[in-house]
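> Based on the sequences and whatever the hints tell you, model everything.
Top to bottom, those sequences are chains A and B. Each residue of the first sequence is one higher than the one before, starting from 1 at the first, in full-length UniProt numbering. Each residue of the second sequence is one higher than the one before, starting from 1 at the first, in full-length UniProt numbering.
To be clear, the hints were calculated from the coordinates, so they are not data collected in a lab. All C-beta atoms in this analysis are idealised placements derived from N, C-alpha and C, irrespective of residue type, glycine included. Among the hints, a few may not be true.
As the list claims (entries may be wrong) - Covered stretches of chain A, as calculated for chain B (at least 3 residues, CB under 8 Å):
| no. | stretch |
| --- | --- |
| 1 | 17 to 23 |
| 2 | 57 to 69 |
| 3 | 77 to 89 |
| 4 | 170 to 179 |
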Amino acid sequence: MTEPATPGQTIGPFFHEALPYAQDRELVPPGSMGSIRLHGYVYDGAGLGAPDALVEIRQADPAGVVPRVEGSLHRPGAAFTGWGRSSTDRTGHYWFSTVEPAPVRPGGPAFFAVTVFARGLLNRLFTRVYLPEHAAGDPLLDRLDPAERAGLIARRDDDGGLRFDIHLQGDAETVFLTFPGHGG
Amino acid sequence: MTEQREISAEIVAIHDAAQVGEPQPRLDFPPYRSSLLRHPTKRPRPVDPEGAELVAPVFGHSDVDPLEADLTIQSGGEPIGERILVRGRVLDGDGRPVRRQLVEIWQANAAGRYVHQRDRHPAPVDPHFTGLGRCLTDDDGGYAFTTIKPGAYPWRNHRNAWRPAHIHFSLFGTDFTQRLITQMYFPGDPLFPLDPIYQSITDPAARERLVAGYDHDLSEPEWLLGYRWDIVLTGGHATYLEPEDHDD
Ligand SMILES: [Fe+3]
Numbered sequence: 001m002t003e004p005a006t007p008g009q010t011i012g013p014f015f016h017e018a019l020p021y022a023q024d025r026e027l028v029p030p031g032s033m034g035s036i037r038l039h040g041y042v043y044d045g046a047g048l049g050a051p052d053a054l055v056e057i058r059q060a061d062p063a064g065v066v067p068r069v070e071g072s073l074h075r076p077g078a079a080f081t082g083w084g085r086s087s088t089d090r091t092g093h094y095w096f097s098t099v100e101p102a103p104v105r106p107g108g109p110a111f112f113a114v115t116v117f118a119r120g121l122l123n124r125l126f127t128r129v130y131l132p133e134h135a136a137g138d139p140l141l142d143r144l145d146p147a148e149r150a151g152l153i154a155r156r157d158d159d160g161g162l163r164f165d166i167h168l169q170g171d172a173e174t175v176f177l178t179f180p181g182h183g184g
Numbered sequence: 001m002t003e004q005r006e007i008s009a010e011i012v013a014i015h016d017a018a019q020v021g022e023p024q025p026r027l028d029f030p031p032y033r034s035s036l037l038r039h040p041t042k043r044p045r046p047v048d049p050e051g052a053e054l055v056a057p058v059f060g061h062s063d064v065d066p067l068e069a070d071l072t073i074q075s076g077g078e079p080i081g082e083r084i085l086v087r088g089r090v091l092d093g094d095g096r097p098v099r100r101q102l103v104e105i106w107q108a109n110a111a112g113r114y115v116h117q118r119d120r121h122p123a124p125v126d127p128h129f130t131g132l133g134r135c136l137t138d139d140d141g142g143y144a145f146t147t148i149k150p151g152a153y154p155w156r157n158h159r160n161a162w163r164p165a166h167i168h169f170s171l172f173g174t175d176f177t178q179r180l181i182t183q184m185y186f187p188g189d190p191l192f193p194l195d196p197i198y199q200s201i202t203d204p205a206a207r208e209r210l211v212a213g214y215d216h217d218l219s220e221p222e223w224l225l226g227y228r229w230d231i232v233l234t235g236g237h238a239t240y241l242e243p244e245d246h247d248d
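Below, the structure is given as structure tokens:
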């Protein structure tokens, strides 16, 4: 039996007291051994940064294991949980302090799973941030045209960090994903 | 500024042209003006989930204090308004309970005012109400919040625009791909036909899924009124990762 899903609705403008919390975007402490910054902007169709968006990531650890441990809401003393949440600032910028995920299966891609919410966006969006070194031979990337494909692969910053911009609309519109069972 | 009757006419025109049975809101829904520049224009690409997408984040008792589920005791005094209990279950698309998972809510106070810097509605802030709550679902997928019935509030989508009373809900499933943020509404709200956010769901049966039911069995004598609202997340847990079920 398949139950009809509850529809989504926009996160609206007033989530900032509810969803963000201390160290929400610090999956590992900034500056700690092996930490990198994953960051970028959420842009609207006019190319303006969205100051009222929320980005969440889910990822494997550097050994390719997806953690199943609690502690994301109270980071100090907790193990690496592989999940984080960053609201955007007034310029539309989000950032995470994290470690690089390794492929979960040998030879597979390495990516961050991403969910995007925003005022004005009526339902959540899913996408992936691929690591530039682990993007070959991926079934999704191989189906995309070159510009779309490039849009899903993070760029290396000079400091070793990863830059990934999310374009909700427009010429550089990010490729968003739908999964089995999602319906419309 | 656009008048309500123009917004309402746009809504009706879109609904008339829509097929029955669209399960989710339109992302491109012009009567909700903020969606104009914030909806993707291309269809989402179908893909099989893998790796981290198959595993929702895990939350536990170190993350959430049980007291966070009672929004009427958080601020050192009784909040003003109609005390209510909202109770329900979180299920996956196969009807299985989503156990021990995080539920977050936020809402306006009884006067329709949020505790938020950007809320300019000239209605009173309640010093005893933040409108923020969290809980973990139980082994049956159940959740419950004691709170105050939120008020309707104005916004600037068009002239004389008012949101029907609602509680924002944030939910996780067993898979990361089941992540959901939505809004729960109250039965019989006269603002439903006028609201472009609620009406962005073109199918009437799908819209109804966002409306809680009044449940007199949940009401407590001389204390509060009860509402029941079950939430069904998209899809089921991927079969190849299905945990062995030792529950009876
Ligand atoms: Fe709201």
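> It remains to establish, for every hint, whether it holds in the given structure.
To see whether the hints hold, each was checked on the structure:
| no. | hint | in the structure |
| --- | --- | --- |
| 1 | 17 to 23 | holds (count 3) |
| 2 | 57 to 69 | holds (count 7) |
| 3 | 77 to 89 | holds (count 4) |
| 4 | 170 to 179 | holds (count 7) |
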